[in-house]
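Chemist: Residue numbers (full-length UniProt numbering), protein chains in the order written: chain H, 1 to 157; chain D, 1 to 138.
Just so you know, the hints here were simulated from the structure itself, not pulled from any lab data.
This one's a predicted model, so the numbers in the text were calculated from it and none came from an experiment.
A couple of the hints might just be wrong.
[To be verified] In the SDA-like style, the derived pairs of lysine to any residue whose C-alpha atoms are separated by at most 20 Å in a straight line are:
#1 LYS149(H) / GLU97(D)
#2 LYS147(H) / GLU97(D)
#3 LYS149(H) / SER35(D)
#4 LYS149(H) / PRO108(D)
#5 LYS149(H) / GLU99(D)
#6 LYS149(H) / ASN54(D)
[As the list claims (entries may be wrong)] Residues on chain D that point at chain H, a partial pick, calculated with CB under 10 Å:
#7 GLY33
#8 GLN94
#9 GLY98
For each residue, glycine too, the CB sits at the ideal point set by N, CA and C.
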Amino acid sequence: LVKWTSSCLLMFCNDGAHFQKNYTLVSHVELFLFDSGGKELFAEILDRLWEQPNALCIVYDVTSEESFNNCTKWLEKLRAQTSGMHIPGVLVGNKTDLIDRRVVERNQAQEWAETNGLEYCEISVKEMENYEAPFRILANSFHQLYKEKVETFRSLV
Amino acid sequence: MKFTDYCLRSEGAEVVLATSSDEKFPPENIIDGRSDTFWATTGMFPQEFIISLNKCVTINKLTIQCYLVQTLRIEKSMSKEPVDFELCIQKELQSTEGELQIEEFSFPEMQASYLRFIILSAFDAFVSVHRVIADVIA
Chain H
1 LVKWTSSCLL MFCNDGAHFQ KNYTLVSHVE LFLFDSGGKE LFAEILDRLW EQPNALCIVY
61 DVTSEESFNN CTKWLEKLRA QTSGMHIPGV LVGNKTDLID RRVVERNQAQ EWAETNGLEY
121 CEISVKEMEN YEAPFRILAN SFHQLYKEKV ETFRSLV
Chain D
1 MKFTDYCLRS EGAEVVLATS SDEKFPPENI IDGRSDTFWA TTGMFPQEFI ISLNKCVTIN
61 KLTIQCYLVQ TLRIEKSMSK EPVDFELCIQ KELQSTEGEL QIEEFSFPEM QASYLRFIIL
121 SAFDAFVSVH RVIADVIA
């Protein structure tokens, strides 16, 4: 499982022979995930890691206003690098177990996600609650993207 | 001079490697002589496929019909096995919104028994390859 400690994750679907296996896609989606650190130290590596991404997942901490505000920065950085290509994704609010310390409300985050064309979900990694949801959302939206594109290919000739 | 397309299953061509394999859009669709069937890549780049031409032939022109391909690299081998590939050409293709990219490459009498097509980058998450034509002097 991917570490959820950092604020931004990027995700890819893989079945190239340039990677270790040659996959057959039946009706499953295999994700190739890059967990990218939010620290300034890693900023330069991100440019290389974020080449041609197909989906994104931004994780923020519901007990930190700053963490939530930074989502804008992460999304802008990604959009700048993918020049107008539609990239599906999900915003994830983590640490929902810390009820008393919560500062970012669900509808506030949900609204931001919607405005930016992202889906939204909340999880508690500590309590292992709902942690599969972001992965399902990513897999589904990526598969949806594939189905749509294949229809376009079919309509070309 | 008469030309024959050697990138056809009916001429003994085979796709011996492809990095994506959705069984609904298999790589064999590239060599079935039709433009309406296609091979679809299923995610990430680079992607590639290798066509075996049955024997070493002299190619004058290569044509590829594809969609959303950005950087394309073509290599060839004259060996009995698909090894020792040499670069033929690498090109940045233009985006053709809503219609097939049809790219022709002329080579003066190029010998090849295997052709390797590498899609290094694309204009979208997925690309399609509909047909490859290798004009060979009959």
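Chemist: Please go over all the hints and tell whether each is borne out by the structure.
Modeler: Outcome of the hint check:
no.: 1; hint: LYS149(H) / GLU97(D); result: holds, 13 Å
no.: 2; hint: LYS147(H) / GLU97(D); result: holds, 18 Å
no.: 3; hint: LYS149(H) / SER35(D); result: holds, 17 Å
no.: 4; hint: LYS149(H) / PRO108(D); result: violated, 37 Å
no.: 5; hint: LYS149(H) / GLU99(D); result: holds, 13 Å
no.: 6; hint: LYS149(H) / ASN54(D); result: violated, 33 Å
no.: 7; hint: GLY33; result: violated, 13 Å
no.: 8; hint: GLN94; result: violated, 16 Å
no.: 9; hint: GLY98; result: holds, 8 Å
In the structure shown, a violation is registered for the earlier hints numbered 4, 6, 7, 8, in ascending order.
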